[in-house]
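Those sequence lines, one after another, are chains A and B.
Position 41 (the first sequence) corresponds to 41 in this note's numbering; numbering is contiguous.
Position 164 (the second sequence) corresponds to 164 in this note's numbering; numbering is contiguous.
What you were told as hints is all true, and nothing was included just to trick you.
Simulated restraints, written as ranges between beta carbons of each label pair: (1) R89/B with K65/A: 49 to 57 Å; (2) H114/B with T54/A: 18 to 26 Å; (3) E73/A with E113/B: 26 to 34 Å.
The calculated DSSO-like cross-link candidates involving lysine-lysine, where the alpha carbons are at most 30 Å apart (straight line), are: (4) K51/A with K72/B; (5) K103/A with K162/A; (6) K52/A with K65/B; (7) K157/B with K51/B; (8) K72/B with K98/A.
These are calculated hints, taken from the structure and not from any lab test.
Where a beta carbon is used, it is the ideal one built from N, C-alpha and C, also for glycine.
2 protein chains.
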Amino acid sequence: MNFPKGQSRYSTTAKTNKEPIIFGDRGMTLEQEINESNNYYRNHQLGVIYKKPTPIQIVKVDYPKRSRAVIKEAYFRQASTTDYNGVYRGYYIDFEAKETRHKTSIPLSNFHEHQITHLQQCLDQKGICFVIIKFVTLQRYFVLPASDLINFWQRAKQGGKKSMSLQFITNKAIEIHAGYNPILPYLTACEQLIQGDK
Amino acid sequence: MNFPKGQSRYSTTAKTNKEPIIFGDRGMTLEQEINESNNYYRNHQLGVIYKKPTPIQIVKVDYPKRSRAVIKEAYFRQASTTDYNGVYRGYYIDFEAKETRHKTSIPLSNFHEHQITHLQQCLDQKGICFVIIKFVTLQRYFVLPASDLINFWQRAKQGGKKSMSLQFITNKAIEIHAGYNPILPYLTACEQLIQGDK
Chain A
1 MNFPKGQSRY
11 STTAKTNKEP
21 IIFGDRGMTL
31 EQEINESNNY
41 YRNHQLGVIY
51 KKPTPIQIVK
61 VDYPKRSRAV
71 IKEAYFRQAS
81 TTDYNGVYRG
91 YYIDFEAKET
101 RHKTSIPLSN
111 FHEHQITHLQ
121 QCLDQKGICF
131 VIIKFVTLQR
141 YFVLPASDLI
151 NFWQRAKQGG
161 KKSMSLQFIT
171 NKAIEIHAGY
181 NPILPYLTAC
191 EQLIQGDK
Chain B
1 MNFPKGQSRY
11 STTAKTNKEP
21 IIFGDRGMTL
31 EQEINESNNY
41 YRNHQLGVIY
51 KKPTPIQIVK
61 VDYPKRSRAV
71 IKEAYFRQAS
81 TTDYNGVYRG
91 YYIDFEAKET
101 RHKTSIPLSN
111 FHEHQITHLQ
121 QCLDQKGICF
131 VIIKFVTLQR
141 YFVLPASDLI
151 NFWQRAKQGG
161 KKSMSLQFIT
171 NKAIEIHAGY
181 NPILPYLTAC
191 EQLIQGDK
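Chain A extracted, bound-state conformation:
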């Protein structure tokens, strides 16, 4: 893929992101890295991908005079999908992101049944589905096709391993390397999935 020359990461971010700007990658969460990458992709017309808002059950709202509504009682709800979706070159993109501090594996307990179900449903509709896994202490990032995660999940339910080893992941996933424009070039891995390289 050719990425058009653009502004530096920070000025690009400042225009669109209302979150505080974090200078330097160290200490950024995977979510922040993906959000910044999505800003970059959107600003450069390379893809339109967003994190979905956290679902909230609102119980009580106050409407004070002359100021905006305040939610006074609400609860977190269980999401029914993955966290990220969008469109890239006509393809539907859907993924979940997980980070782990383990060094040699990622336990399946990081994933939830509803995420597996949702990924399978999207695969059935010919979506491009995967998970981005960050090994925090190793500073390594992988794009693992949803089909491999789902297969592993099904085997685990029948008594198989409950944790995906780093070796399994290096075999099945596409490794991506953190950079600047974007921080996480995961659409390059997407393109490989689309071309059927993996």
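Got chain A sorted already, so can you dock chain B onto it with the hints?
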């Protein structure tokens, strides 16, 4: 499209929707009708489309012992996208839904700049983008291609009409008719958009 024979709308709904079940279409909001249709499409493997949660800025959360977290202060945030997206037969689907009690037109004030921008960005990525418009008093529903809405919006900014007439909509949109399985068969209109009939 062929819809497989399924369970009645109500039993289908009861399995997946935690909202109270509303018997009878009269009085259902457009949002409820679309959500029920999305449940139907998902349960019949015809498409995976969800309404996105409302974005909330959380300020204060209490964690009472032995019970779940309670959000005690939060604010509604401006959404940056449309309300609905998902995947259908490999296509990325993105749309907004609006209802009006007007009988002969729908004012552009129902739409927001960020929705127009988002629809254009998704069109640029070859998404299937549209708005579903419900004329409540007429009980008529239309699937209007995003490109027609965007063109109208641009003309309005240059001094053109500020309201889309029913005649404009009947010319440009695909009319859909409320039924039972699903309540709003809007993917049939999507299919027409994909085939380029409209």
